[in-house]
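Protein chains in written order, with our numbering: chain A, 1 to 254; chain B, 1001 to 1230; chain C, 2001 to 2230.
Calculated directly from the structure, the hints in this document are not laboratory data. All values reported here derive from a predicted model rather than from experimental measurement. The beta-carbon is built from N, C-alpha and C at its ideal position, and this holds for glycine as well. Some clues are possibly wrong.
Unchecked claim - Just the calculated beta-carbon pair ranges, DEER-fashion: (1) Glu-1178(B) - Met-71(A): 26 to 32 Å; (2) Glu-2047(C) - Pro-1174(B): 42 to 48 Å; (3) Phe-1037(B) - Ala-97(A): 25 to 31 Å; (4) Val-2125(C) - Asp-1059(B): 35 to 41 Å; (5) Arg-2151(C) - Phe-1037(B): 53 to 59 Å; (6) Asp-1136(B) - Ala-97(A): 24 to 30 Å; (7) Asp-1136(B) - Ala-174(A): 38 to 44 Å; (8) Pro-76(A) - Glu-1178(B): 35 to 41 Å; (9) Val-1036(B) - Thr-2025(C): 20 to 26 Å.
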Amino acid sequence: MYRVRLDQFEGPLDLLLFFIRRDELDVFDIPIAQITDEYLSYVSVLEQVDLDAAADFIYMASILISIKAKMLLPRPDLDEDGHEIDPRRELVDRLLAYMRYKEAALHLEVLHEDRRRQYVRSTAERDRFEIESVEYRVSLFDLVKVLKDVLSETPEPARHEVDRYEYSVEEQRAHLLAAVTSGLRSFREIARGGSPGTATSKAFVIVTFLALLDLVQQQQLRVRLGMSPEDFDVEMVRAGEAGSPLPLRDDPDE
Amino acid sequence: MEDAFRSPLRRTIEAIVFASDEPVTASALAKLHAHVFGDPASKEDVESEVATLNREYQDAGRAFRIRSWAEGYRMATVQELAPVLHAHFQRTDSKRLSRSLMETLAIIAYRQPVTKPEVDHVRGVNSDYALRKLLDADFVTILGRSDAVGRPLVYGTTDAFLERFGIRALDDLPKPREIEELLNDPAFNTERAALLSADGLADTSEQAPRPGGMPPFAVADGIVSESDDA
Amino acid sequence: MEDAFRSPLRRTIEAIVFASDEPVTASALAKLHAHVFGDPASKEDVESEVATLNREYQDAGRAFRIRSWAEGYRMATVQELAPVLHAHFQRTDSKRLSRSLMETLAIIAYRQPVTKPEVDHVRGVNSDYALRKLLDADFVTILGRSDAVGRPLVYGTTDAFLERFGIRALDDLPKPREIEELLNDPAFNTERAALLSADGLADTSEQAPRPGGMPPFAVADGIVSESDDA
């Protein structure tokens, strides 16, 4: 299995919040059965792409299922005052706490953006006067890192056993870039190998997809949603455009 | 024009802050001045000279100001000149932090000292990768060990984090809103939309554009349909 | 005072030369200006704006000037401030540990009791100098002699080391297993590394690449002040 951590997956809490928002659900009265089903169908897809991330999602799935089961019990648990305990309570608290940090992350991002607009003198140190050797400031973590570097340089044959797909992300990147040179292309089309009738495999699709995420992250490609629920379009980010609009856009006008 | 030569402290501050590649504290500047000129100076003297310098820069239309970051002073260009600088240095935005890194960083910044299990629990995902990246970037560091069972390592943010985010001190971090406040906000739904969806983000001008990222649902859509054919 | 805001060219020049880590030519500045503002500028225009800037700096008693070298313009502090700069940077530079010292210290911390030949073997270089420096700084001490052939001296870390690195006891050093978890995810195969390296997290635009692959790290404050007396 080709393993890669899809950094953009935000995780199970994010996914739940997405369902809640999309269906305009009351956070304090989440229809657990419905959400659990949707959640599970998502996880089954995820397992094919990213086993690492899937583990986190599966754990949440088990929480959802257990809440669902508790909701069905005729006699719910009671707290010390004799009130029924809503089995969803803990999950809701987690969702709300998570929302807070998500918002905080956005604030940090604004600060980061502002700071990035202010340039400092990049190599002030070098300008000053000659400093013979490059020196570093350190923390405890540096020690650890240095040690790891040093130890890894001490010879010890490393063995990697990776089942390779017949396609590499590298190749698929090239495939994708070639596919979009003439303009907007449907992902389904690209993932079919370009021409109708070409045999394709899950591996081909997944690796193409990974390559796509990679290119989106590098802002070489942009993805457009909204054409059809079963597809999305891919286009090249032209030079100079990079970073101006969001790389991922949901553009209902098009 | 005032005779700036009359203030060696001001020139000292300007020279050191200009030539430094990291924030310089007011007390370091005061001490240096006392050391070189044999003339004692207080932190307040330094602060007031920095204010004077910034006023002079402003009046003269200088391209830079002295900023207060990570408990020290740093000279940096003014924001409105960013387009010229971006153009010259060909900075692209591909180096933005991904959402998951930003999220992890926010949790660490607000909850420090914090252990990895705590971060994982808040995010609902394993934060190994994000944590490693943040350690590598020197935004986060190991503070020590918790006294909890297993004595897990505890993490916190670094001065470099403050510097790179333009924050004067940890106390200056914008406070996250309380949950009640979040929920009672009439804009809650818009807010939520902004937080959660790609389309919501596109038009919220006060929010920074999101780092290049795909929301999980888009991923699911693409693959679901594809794997059906496959 | 002249209205500097009227001259975008002047501000462009000032901003770029200030922020640049290499000399910038007059023609590059003229082109940039034309490109960003759609307003053509000649090399002579640039030269004359630089002269104006330097006059302004002089009149205002600024600590720096724009120097014209064969390769282009650079901003630098004025000569007469060199003593102050020297005084400041000598103090701070002496508070930094070089990479070779850190490397040696790391090996001794984790492998103690350890002999010099062992340290040399791990580092692949002679550690005489580093070891002497660490002994001088009281980070490392001689624990005794090994029973091995030649009875070499064995070294270990001191309490001063623990204190300066904010570690309570040797047990608090991250365990090799934790280091592995942190730094060396077993699933992190080469393909994955290649795939992920693209998303270089760090906003490297302001950091010069560091040789040796070590990111810049901030010293804990304790270390800075402590090493003064080392």
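Taking the hints in turn, this is what the structure says about them:
At roughly 28 Å, the beta carbons of Glu-1178(B) and Met-71(A) sit within the given window of 26 to 32 Å. Separation of Glu-2047(C) from Pro-1174(B) is about 45 Å and conforms to the stated range, judged on CB atoms against 42 to 48 Å. Between Phe-1037(B) and Ala-97(A) the C-beta distance comes to about 53 Å, which lies outside the given range of 25 to 31 Å. Roughly 55 Å separates the CB atoms of Val-2125(C) and Asp-1059(B), a value that falls outside the hinted 35 to 41 Å.
Taking 53 to 59 Å as the suggested C-beta distance range, the pair Arg-2151(C) and Phe-1037(B) conforms, at roughly 55 Å. Between Asp-1136(B) and Ala-97(A) the beta carbon distance is about 27 Å. The supplied range of 24 to 30 Å therefore holds. Distance hint for Asp-1136(B) and Ala-174(A): a CB-CB separation of about 29 Å, inconsistent with the stated range 38 to 44 Å. Taking the beta carbon of each, Pro-76(A) and Glu-1178(B) are about 29 Å apart, not inside 35 to 41 Å as hinted.
The given range of 20 to 26 Å is broken by Val-1036(B) and Thr-2025(C), whose C-beta atoms sit roughly 36 Å from each other.
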